Every structure is written in C-alpha cells, then in structure tokens.
Amino acid sequence: DTGVSQNPRHKITKRGQNVTFRCDPISEHNRLYWYRQTLGQGPEFLTYFQNEAQLEKSRLLSDRFSAERPKGSFSTLEIQRTEQGDSAMYLCASSPLAGVGEQYFGPGTRLTVT
Amino acid sequence: QKEVEQDPGPLSVPEGAIVSLNCTYSNSAFQYFMWYRQYSRKGPELLMYTYSSGNKEDGRFTAQVDKSSKYISLFIRDSQPSDSATYLCAILNRDDKIIFGKGTRLHILP
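Line order of the protein sequences matches chains V and Z.
This note's numbering numbers the first residue of the first sequence as 136 and each following residue consecutively.
This note's numbering numbers the first residue of the second sequence as 128 and each following residue consecutively.
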C-alpha cells in the first residue's frame with residue numbers, strides 16, 4: 136500500500152498523559168500536513184512541513200502540541216498533558232510540492248481523552 | 128463570515144437520482160477548489176481538484192466552479208448507495224493551506 140499511513144488508529148488516554156502519533160506520507164511527497172477534525176466539522180489545519188522544515192503552525196496548536204519530521208520522511212505529533220478538549224480525529228496528509236492542493240489523507244488517529 | 132460555507136445536511140436522495148452538493152466561499156482570490164469524500168471513521172479522499180471556473184468531469188462526478196458568484200458545486204449522476212458519505216468542499220488559500228467546509232452528509236436510499 137503506497138498511501139498515507141497513520142499509527143495508532145485509536146488512542147484512549149487519561150487526562151494529563153502525553154501521547155504521540157506517527158504519520159508516514161506517500162514517499163515522493165515533499166509536504167506533510169497535520170489536521171484535527173471534530174464531529175460534524177471539516178478538518179482544521181494544525182501545521183505543515185516541507186521536507187524537514189516546519190513552515191507554519193496554526194493558532195490552534197497550543198504549546199502542548201509539538202510536531203517533528205526528522206529527515207523529511209515520517210512525522211510525529213505529540214500532545215503533552217492531554218485535556219478532554221483534545222479528543223478528536225488527528226489527520227495527516229501529504230502532497231507533492233508542485234500540487235499542494237492535491238493532498239492525500241491517511242486514515243487518521245482517533246484520540247479519546249478520559 | 129466563514130471562508131467556506133456548506134450546508135451540513137443530511138441530504139437523502141433515492142438511488143439513481145442526480146445529487147447536487149454546493150458551497151460558497153468568501154474570498155474572490157481563491158483559485159483552487161477541491162471536493163473530498165469521507166466515509167464514517169475514515170480519512171477524507173480527494174475526489175476532484177479544479178483550478179478554473181467551469182466544469183470538470185470525472186466519471187459520474189462533475190465539479191463546477193462559478194467564480195463570479197463564489198459558488199462551487201459537485202454533481203453525482205446515477206447515484207449509488209456506496210456514494211453515501213460526507214462530502215467536503217475545500218479551497219486552497221494563498222498560504223497553501225486547505226480550508227474545508229463542514230461537510231454535507233449524503234444518504235442514497237436503495
């Protein structure tokens with residue numbers, strides 16, 4: 136399968152714990168994006184990378200959130216001291232540099248904070 | 128005003144009917160328009176991607192953009208139960224970020 140993959144698919148954690156999600160993009164894609172989606176809403180942009188450089192972070196991304204893309208391949212999104220409001224689907228997408236509108240999404244990681 | 132507005136539905140139509148899904152957007156500078164399909168508990172799947180005004184067809188799907196009225200549409204011909212999903216319209220803004228509508232839930236009734 137050459138699509139975008141995300142792990143884990145589901146994560147249940149207690150409030151205050153740290154969680155980390157992983158995204159493996161389509162191999163030839165330079166750009167990698169993280170989005171958050173809550174029930175009844177479209178995905179909301181969080182941050183994106185071009186190769187290993189993090190180019191932009193949304194105001195939605197509080198200091199408890201950090202993302203990395205070492206070596207410009209896979210990416211991780213970490214949430215520290217989780218809160219119940221962090222419960223959502225976290226989506227990763229990738230695109231080629233020449234077609235940034237053609238973003239291909241992974242299946243998402245569903246986070247539940249209890 | 129939100130950048131992309133979309134009626135959340137749900138929209139129920141009988142199998143075989145033509146489905147019309149619509150969005151409006153606020154900024155006339157937007158030039159790239161997309162439609163994504165999202166099944167329950169799955170990631171969005173890119174269906175159509177268009178740059179200009181006019182129509183773009185792909186199989187049973189037609190995307191239409193009217194820049195003068197800032198209106199984008201997706202038509203589905205010969206609708207099937209497997210088309211039941213949430214359809215998200217989206218635009219690419221000048222910062223290369225995709226802004227999504229809330230999505231319209233579509234039910235095709237057998």
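Think of the hints as simulated: they come from the structure by calculation, not from any bench.
Computed from a predicted model, the values in this text were never measured in an experiment.
Using N, Cα and C, we set each Cβ at its ideal position, and we do this for glycine too.
Any given hint could be a false lead.
[As the list claims (entries may be wrong)] Below, simulated DSS-like cross-link-like pairs (lysine-lysine); rule was C-alpha separation at most 25 Å, straight line:
| id | chain 1 | residue 1 | chain 2 | residue 2 |
| --- | --- | --- | --- | --- |
| 1 | V | K149 | Z | K169 |
| 2 | V | K146 | Z | K169 |
| 3 | V | K192 | Z | K183 |
[Unchecked claim] Chain Z stretches covered by chain V per the calculated footprint, using a threshold of three residues with CB under 8 Å from any CB of chain V:
| id | segment |
| --- | --- |
| 4 | 137-150 |
| 5 | 181-189 |
| 6 | 197-210 |
Taking the hints in turn, this is what the structure says about them:
no., hint, result
1, V:K149 with Z:K169, "24 Å, holds"
2, V:K146 with Z:K169, "15 Å, holds"
3, V:K192 with Z:K183, "33 Å, violated"
4, 137-150, "violated (count 0)"
5, 181-189, "violated (count 0)"
6, 197-210, "violated (count 0)"
Of the numbered hints given earlier, the model fails hints 3, 4, 5 and 6; all others are met.
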